[in-house]
Amino acid sequence: MFLRQAVILALFMSSTAFAAKNLIYCMEGSPSTFNPQLASDSVSLNSSSQAIFNRLVEFKKGSTEVIPSLAKSWTVAKNRKTYTFKLRDDVSFHSNEMFKPSRKFKADDVVYTFKSQMDTKHPLSIPSANYEYFKAMELDQIIADVKKTDDYTVVFELKKPEAPFLANLAMDFASILSEEYAQNLVKSGKGLKMLETNPIGTGPFVFKSYQKDSAVRYTAFDQYYKGKPKIEQLVFVITTDSTVRLQKMKTGECHVMSEPQPQDIESIQKTAGLKLVSTEGLNVGYVAFNTSKKPFDNLKVRTAITHALNKKSYIDAIYKGQGTVAKNPIPPTMWSYNNSTADDEYSIEKAKQLLKEAGFENGFETELWTLPVSRPYMPNGKKLGELMQADLAKVGIKVKLQTFDWPTYLEKSKKGEHAFIQFGWTGDNGDPDNFLNVLLGCSAVKAGSNYARWCQPEFNALIQKAKEEPTQAKRSDLYEKAQVIFKKEKPWVAVAHSRQNKVISDKVTGYTIDPFGHEQFESVDIK
Amino acid sequence: MNSLKVSILNKLVRILISFFFISLVSFMIIRLIPGDPVTHILGERGATEERMQELKKLYGLDQSLLKQFQIFVSQAAVGNFGESTVSHQSVMSEFKVLLPATIELAMLSLIWASIAGVLLGILAAVKRNSLWDYSAISISTIGFAMPIFWWALLCIFFFSVQLQWLPVSGRIGFEYEVPYYTGFFLIDSLLSENSWAAFLSALRHLILPAFVLGTIPLAMITRITRSAFIDVEKEDFIRTAKAKGLNQSQIIFKHVMKNAMPQILTTIGLSLGQLLTGAIITETLFSWPGIGRWLIKSIEARDYPVVQAGLFYSMLIIALTNVLVDAGIEKLNPRMRAAK
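Chain order of the listed sequences is A and B.
Mind the numbering: the first sequence is residues 188 to 714 in the working numbering, read in order.
Mind the numbering: the second sequence is residues 463 to 802 in the working numbering, read in order.
Hints were generated in silico from the structure; no laboratory data involved.
Just to be clear, a hint being listed does not mean it is correct.
[Unchecked claim] Taking lysine-lysine pairs in the DSSO-like style, the calculated list, with each CA pair at most 27 Å apart, reads: (1) Lys377/A - Lys558/B; (2) Lys759/B - Lys399/A; (3) Lys674/A - Lys652/A; (4) Lys558/B - Lys399/A; (5) Lys308/A - Lys518/B; (6) Lys380/A - Lys759/B; (7) Lys377/A - Lys519/B; (8) Lys633/A - Lys519/B; (9) Lys602/A - Lys519/B; (10) Lys377/A - Lys273/A; (11) Lys599/A - Lys529/B; (12) Lys759/B - Lys570/A; (13) Lys543/A - Lys581/A; (14) Lys302/A - Lys519/B; (15) Lys706/B - Lys689/A; (16) Lys706/B - Lys589/B.
From a predicted model like this one, the values you see are computed outputs, not experimental measurements.
So here's chain A without its partners, still in its complex pose (with noise of 0.2 Å):
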């Protein structure tokens, strides 16, 4: 049967003769939209905004300082709440069948962008949309208003003074759609969902089609205002399991691939013909307390456990030396990561006499719950709690551990039902807001991202001003003493730093990888 299936297999077999400058990116999953402003997942965003699109500014590659893109260059008033922005003269915009576009990128494309967002009753607001992305970083509570004073300038009016806001303005959902099509759509009554399945961006790919599952393609813009990509033809694979996807790179199905995983990657450094491509992660992987239930309510029990956990061996065991032991809740690359700060040493006798003094001389019993999903911060959730479980039996603490399906996971946590949980975060903008206010503020406490369910007053007056400081020196000083106070009070045991990985052909150039895990085509070339 073997043999015959074999003769009839290598009828079959052809050359498929490679055409040049076709750039194959397999990825883990599919996009939801084609719309950044209403993508939240890393998938749909490199798919659309980093491919399709343009912000006001943008991060510089591989890195998260912010640098001019749509806008040449901008001034900030001396009340820090208006930003003047002004704009290139010479971006096109992408066409397609339904679109040919009459004008170039202008101010009312950046107002148009930015009110529809804002407010659900705009004429070219997106009904039924939720632009989670652009309520989660609260611009709907920071923008006063936006409007173009010519058609070059555009300036932002804020509510209060917001330092992070530059740096929102190059994340994907502020990506620039133009108005002239969304009201071509309207007009024409094809609607606005148009937006999410036939995008018109600025950026360096145009949109050709997607096949649901199965492939994204693209085409080089011409007209891209940094000049025409290098690659003519740009094909994003959706291929889920990681096995299979570096199997596509050994064979050249695949020129660069997505989240290879820790175990694999001795043997991608081993394999001709392939590169790995690594960068510091702006992740945390952390086990939070909840610090509103017994006995973790206790600072003591809190320290007892920072010593018993032997965070160097899971490094090695689940991070396979792609992640560093973390000590403070920002990852070391951030601006205002605090290195004076000291971690607790791994210690069993100092942790039974923490638990002796709490009043716990025999333990006690407690819940962990481990993370149901594979994540870069955390690759193998039940793995790390059996070796949690085992270094806190030494002290006496019985674990027993729980998991459940990720929204279940997400629904019992937000609500506070679990006493000891594992978790992490990757950055979304590279400011230390983002990671201190957003999982440990008081605020975040009752919108549910804050897992400890710890409100530290003294902390979060801190992270509070450092919101509305000016210069990066006062903010940073503010956020290093807030990393004092976490690590005195421990609300969690910040667990790892992972490393980006990203598998590349030692064909493909100009290839960086990006801190945020954004997938940038723009620049790269094939031999």
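Using the hints, position chain B against chain A.
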């Protein structure tokens, strides 16, 4: 009306009733488990109470379960299954694209499994207790017991990476763009620009997943064919045929085959039902854009409209294949009709 029609009609009524109850149960279950589309959208992020309410309202989750069910039934009755909460596209438009992929894969798997399975089964039955028989039984046992994800990875590694005969995954080479006519790539590719080259590419992409997916039905069909043959061979009329002096091939193909067929067809028909309701693992590993993967992802995302429509479809397929198999058997074997 003849009895065949009555029995089919009878079944259809029963199916309709069970449809209603299964929709009700599935509708409730997916809503009773914790987590909803809103929690999934928010992910690690938090949201204020007002924001949560706003989002729930957007998806109609602020209404009572009964009201939601009423809306679902009245809309489903006219073929509107709503909009996916993940992609904001209408469920039917997504379904229309994904279903042909599933059918294409299921059909090819079943064709290969049926032909190979029946032949292998006959061979085993005829050459009972020979090396042929033992090999066939072994293949069938291994095929049945093999974890499919492991088998798939093994095949990918051997045929695609080592031998480089077949592509690792996907539906067609990226260099071909196939326009949507029927959704079946084997047909659409022929109608596309590079017809033959595109067709070959589509076929090459189909072979490995179909081979892997067909393994379990192959194992089942082999076994059933073998045992059905052995059972029939013991019957008196076969002895009579032998006594009449018919040669072996006449006996096998005229008499045994005909009488063993109902049992074999039942197995094939039920396999078809299973294959059409989605081969989640195979679809995932081979990046095959079909129904199974879509459904599983929707359950993970609490994409209620998709889950509901998916379950509805599964019921329909299972019910239909059952009815068709029964009707086919009754046609083939008059004794089944008489038995009622």
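Pairwise hint evaluation, lysine 581/A against lysine 543/A, where the allowed Cα distance is 27 Å at most
holds (14 Å)
Satisfaction of hint between lysine 518/B and lysine 308/A, Cα-Cα up to 27 Å
Distance of about 19 Å is within 27 Å: holds.
Taking only the CA atoms, is the gap from lysine 633/A to lysine 519/B under or equal to 27 Å?
holds (20 Å)
Has the given pair, lysine 599/A with lysine 529/B, been kept, meaning a C-alpha gap of at most 27 Å?
holds (26 Å)
So if I understand the rule, the pair passes when the alpha-carbon distance is 27 Å or less; does lysine 377/A with lysine 558/B pass?
holds (20 Å)
Is it true that the CA of lysine 558/B sits at most 27 Å from the CA of lysine 399/A?
holds (11 Å)
Does lysine 377/A pair with lysine 519/B here, judged by a C-alpha cut-off of 27 Å?
holds (25 Å)
Holds or violated: lysine 706/B with lysine 689/A, Cα cutoff 27 Å?
violated (73 Å)
Is it true that the CA of lysine 602/A sits at most 27 Å from the CA of lysine 519/B?
Given pair lysine 602/A, lysine 519/B holds - Cα atoms ~20 Å apart, limit 27 Å.
Are lysine 302/A and lysine 519/B close enough, with their CA atoms no more than 27 Å apart?
holds (22 Å)
Holds or violated: are the alpha carbons of lysine 377/A and lysine 273/A at most 27 Å from each other?
violated (33 Å)
Next pair to validate is lysine 706/B with lysine 589/B; report whether the Cα-Cα distance is within 27 Å.
holds (22 Å)
In the structure shown, a violation is registered for the earlier hints numbered 10, 15, in ascending order.
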